[in-house]
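So you can see what is in the structure, the chains are spelled out below.
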Amino acid sequence: MTKLVKWLVSLPPTLFLLVFFVAPSLIVVLASFRYPGEFGGLASLLPLFGADSGLTLETYRFFFSDFVYFEIFLKSFGVAALTTLICIVMAYPLAWLIARSSKKRRDLLVLLVILPFASNFLIRVYAWIIILGPFNLLYSSFAVIVGMVYVHLPFMVLPLYTNLEKHDPALLEAAQDLGANAWTRFWKITFPLSLPGIFSGSVLVFIPVLGMFAIPELLGGTGDILIGNLIKEQFLDNRDWPLGAMLAIMLTVAVLALAGLSAWAGRSKGRMA
Amino acid sequence: MKPQSLWLWAASLGVYAFLYVPLAVVVLFSFNDSALNAEWVGFTTTWYGKLLHNPEMLGAAFNSLLIAVIASSTATLLGTMAGLAMHRYRLRFMPFLVLTPVAMPEILLGVSLLLFFRQVLDLSLGLFSIVVAHITFSIGFVAIIIRARLAGMDESIFEAARDLGATPWETFKRVTFPLILPGVVAGFLMSFTLSIDDFVITFFVAGVGVSTLPLQIYSMIKVAVTPEVNAVSTLLMLLTLSMIALASRFAPDVLKGKG
Numbered sequence: 061m062t063k064l065v066k067w068l069v070s071l072p073p074t075l076f077l078l079v080f081f082v083a084p085s086l087i088v089v090l091a092s093f094r095y096p097g098e099f100g101g102l103a104s105l106l107p108l109f110g111a112d113s114g115l116t117l118e119t120y121r122f123f124f125s126d127f128v129y130f131e132i133f134l135k136s137f138g139v140a141a142l143t144t145l146i147c148i149v150m151a152y153p154l155a156w157l158i159a160r161s162s163k164k165r166r167d168l169l170v171l172l173v174i175l176p177f178a179s180n181f182l183i184r185v186y187a188w189i190i191i192l193g194p195f196n197l198l199y200s201s202f203a204v205i206v207g208m209v210y211v212h213l214p215f216m217v218l219p220l221y222t223n224l225e226k227h228d229p230a231l232l233e234a235a236q237d238l239g240a241n242a243w244t245r246f247w248k249i250t251f252p253l254s255l256p257g258i259f260s261g262s263v264l265v266f267i268p269v270l271g272m273f274a275i276p277e278l279l280g281g282t283g284d285i286l287i288g289n290l291i292k293e294q295f296l297d298n299r300d301w302p303l304g305a306m307l308a309i310m311l312t313v314a315v316l317a318l319a320g321l322s323a324w325a326g327r328s329k330g331r332m333a
Numbered sequence: 005m006k007p008q009s010l011w012l013w014a015a016s017l018g019v020y021a022f023l024y025v026p027l028a029v030v031v032l033f034s035f036n037d038s039a040l041n042a043e044w045v046g047f048t049t050t051w052y053g054k055l056l057h058n059p060e061m062l063g064a065a066f067n068s069l070l071i072a073v074i075a076s077s078t079a080t081l082l083g084t085m086a087g088l089a090m091h092r093y094r095l096r097f098m099p100f101l102v103l104t105p106v107a108m109p110e111i112l113l114g115v116s117l118l119l120f121f122r123q124v125l126d127l128s129l130g131l132f133s134i135v136v137a138h139i140t141f142s143i144g145f146v147a148i149i150i151r152a153r154l155a156g157m158d159e160s161i162f163e164a165a166r167d168l169g170a171t172p173w174e175t176f177k178r179v180t181f182p183l184i185l186p187g188v189v190a191g192f193l194m195s196f197t198l199s200i201d202d203f204v205i206t207f208f209v210a211g212v213g214v215s216t217l218p219l220q221i222y223s224m225i226k227v228a229v230t231p232e233v234n235a236v237s238t239l240l241m242l243l244t245l246s247m248i249a250l251a252s253r254f255a256p257d258v259l260k261g262k263g
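Line by line, the protein sequences give chains D and L. Counting from 61, one number per residue, gives the positions in the first sequence under the numbering used here. Counting from 5, one number per residue, gives the positions in the second sequence under the numbering used here.
No lab work stands behind these hints, which were simulated from the structure alone. Careful: at least some of the hints might be erroneous.
Unchecked claim - Once the Cα atoms are required to be at most 20 Å apart in a straight line, the calculated SDA-like pairs of lysine to any residue come out as:
1. D:K66 x L:R96
2. D:K135 x D:F202
3. D:K248 x L:S9
4. D:K164 x D:L175
5. D:K63 x L:F97
6. D:K66 x L:L154
7. D:K63 x L:W173
8. D:K63 x L:T180
9. D:K66 x L:M98
10. D:K226 x L:F97
11. D:K63 x L:D167
12. D:K66 x L:S9
What the hints assert, rightly or not - Derived Cβ-Cβ restraints for the label pairs, each shown as a range:
13. D:L86 x L:D158: 38 to 48 Å
14. D:W247 x L:V25: 30 to 40 Å
15. D:R166 x L:L239: 26 to 36 Å
16. L:F22 x D:K226: 47 to 57 Å
17. D:A323 x L:D158: 23 to 33 Å
Ideal Cβ placement from N, Cα and C applies to all residues, glycine included.
Please take these sequences and the hints and turn them into a complete structure.
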């Protein structure tokens, strides 16, 4: 009986996600080893229509031999890193202010950070089209970074605030009693203690930025192509699906590596504490 | 006030301004009596009137609502099951299955579903593929909310129900469900908002025939900047704001940034 209940409850969502999440993901892996079809899509798996059928490592060979793709990957990491850094700098005073406020005011200040999220992502990007347009700053790398920071900033504020809120004020008082000035107290106590918060915020910012295609497309110039644009291009414009699938796999690998790294760092942090 | 906190307030106010001024500009220019989003000319509601006579926009709005209703009801059902299952049973695979679609870049889910629908199922893209995609990414959010709700609960209530002779179904109907109901409502509103708002995944699985509000907005802002976009943006903001307000009424504990 309880066994039956267990299956009844867990089977439908599991089946749905196996079919519409796991299977499609595996198909992307498979597609990256295939040839592009003559009219877009994928070529036949069976060797019926000439030589370009079956499985191949061609797209991967292409990735590692053509520096263009590698360069765009590097640039995407650069943009993600810069966005994350700016988010840290901008989020810090805000998160600190919120953490130091009274309980009642704190909820309001947090709400004020979340509220802009209530507007559609495209609206938030569009706002910058209106603002930057008259200043001739649109369609530039600068506009891309501004858009990226704007869309992802709350992801940094919230984990940072959650971390800062837990700090024991007695530590700072003790430091003050021992003669440390504000600057020293910040760099020797608050900042090191807030590293886990910065870290989780960075993961939340870095990963979505890495896969973003809409912001470069709407705010960037022709040279501001990132991984996301490359992938989108292969699937919707060039219709070279194997190449697109390979790029998606590369992005997945990058994301998994980052996630693994952060899990590992989180664990070693926990051990130190 | 100490000089430090003055400095802190000034910096924070700057960041808040950075967050709000752009949105205020969008809303403000939706009432501007000029086709250019450049300078304030005078107050008008023309752009809202124009929206109501724009068949493409209305069609897109209808699609968005239809998709959101179907997708979020299904996702709420499946997500609630997943949340219950993850809380009750030690399933090793389930959390991975439910949470990965939430954590990975949206473009990856969009691309994989595009491939799956076109290549494997050989379906033409449209409403069905969009609904399925929205369910896929919403299940995880609902499950997280339900699990958070259950985590704070006293297990002895369920034991008491069993001891008093309730069947599993009765326990669910009379004890578990009323307790998780606020979470279910919050999950529904959350997935509704996610569905109405989704651009990236929809962009990949929509095909050519069907448009949603975000897709419509995207194609408009790619071409030109018009106050009509400001008007539809303002309306969309109002809609999601009221959704969030509703959700926070039903499950204040879930939505206070603790998730």
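Hints and how they fare:
{"no.": "1", "hint": "D:K66 x L:R96", "verdict": "holds, 14 Å"}
{"no.": "2", "hint": "D:K135 x D:F202", "verdict": "holds, 14 Å"}
{"no.": "3", "hint": "D:K248 x L:S9", "verdict": "holds, 19 Å"}
{"no.": "4", "hint": "D:K164 x D:L175", "verdict": "holds, 17 Å"}
{"no.": "5", "hint": "D:K63 x L:F97", "verdict": "holds, 17 Å"}
{"no.": "6", "hint": "D:K66 x L:L154", "verdict": "holds, 16 Å"}
{"no.": "7", "hint": "D:K63 x L:W173", "verdict": "holds, 13 Å"}
{"no.": "8", "hint": "D:K63 x L:T180", "verdict": "holds, 18 Å"}
{"no.": "9", "hint": "D:K66 x L:M98", "verdict": "holds, 13 Å"}
{"no.": "10", "hint": "D:K226 x L:F97", "verdict": "violated, 32 Å"}
{"no.": "11", "hint": "D:K63 x L:D167", "verdict": "holds, 19 Å"}
{"no.": "12", "hint": "D:K66 x L:S9", "verdict": "violated, 54 Å"}
{"no.": "13", "hint": "D:L86 x L:D158: 38 to 48 Å", "verdict": "holds, 42 Å"}
{"no.": "14", "hint": "D:W247 x L:V25: 30 to 40 Å", "verdict": "holds, 32 Å"}
{"no.": "15", "hint": "D:R166 x L:L239: 26 to 36 Å", "verdict": "holds, 31 Å"}
{"no.": "16", "hint": "L:F22 x D:K226: 47 to 57 Å", "verdict": "violated, 26 Å"}
{"no.": "17", "hint": "D:A323 x L:D158: 23 to 33 Å", "verdict": "holds, 31 Å"}
Checked against the numbered hints above, the structure violates hints 10, 12, 16; every other hint is satisfied.
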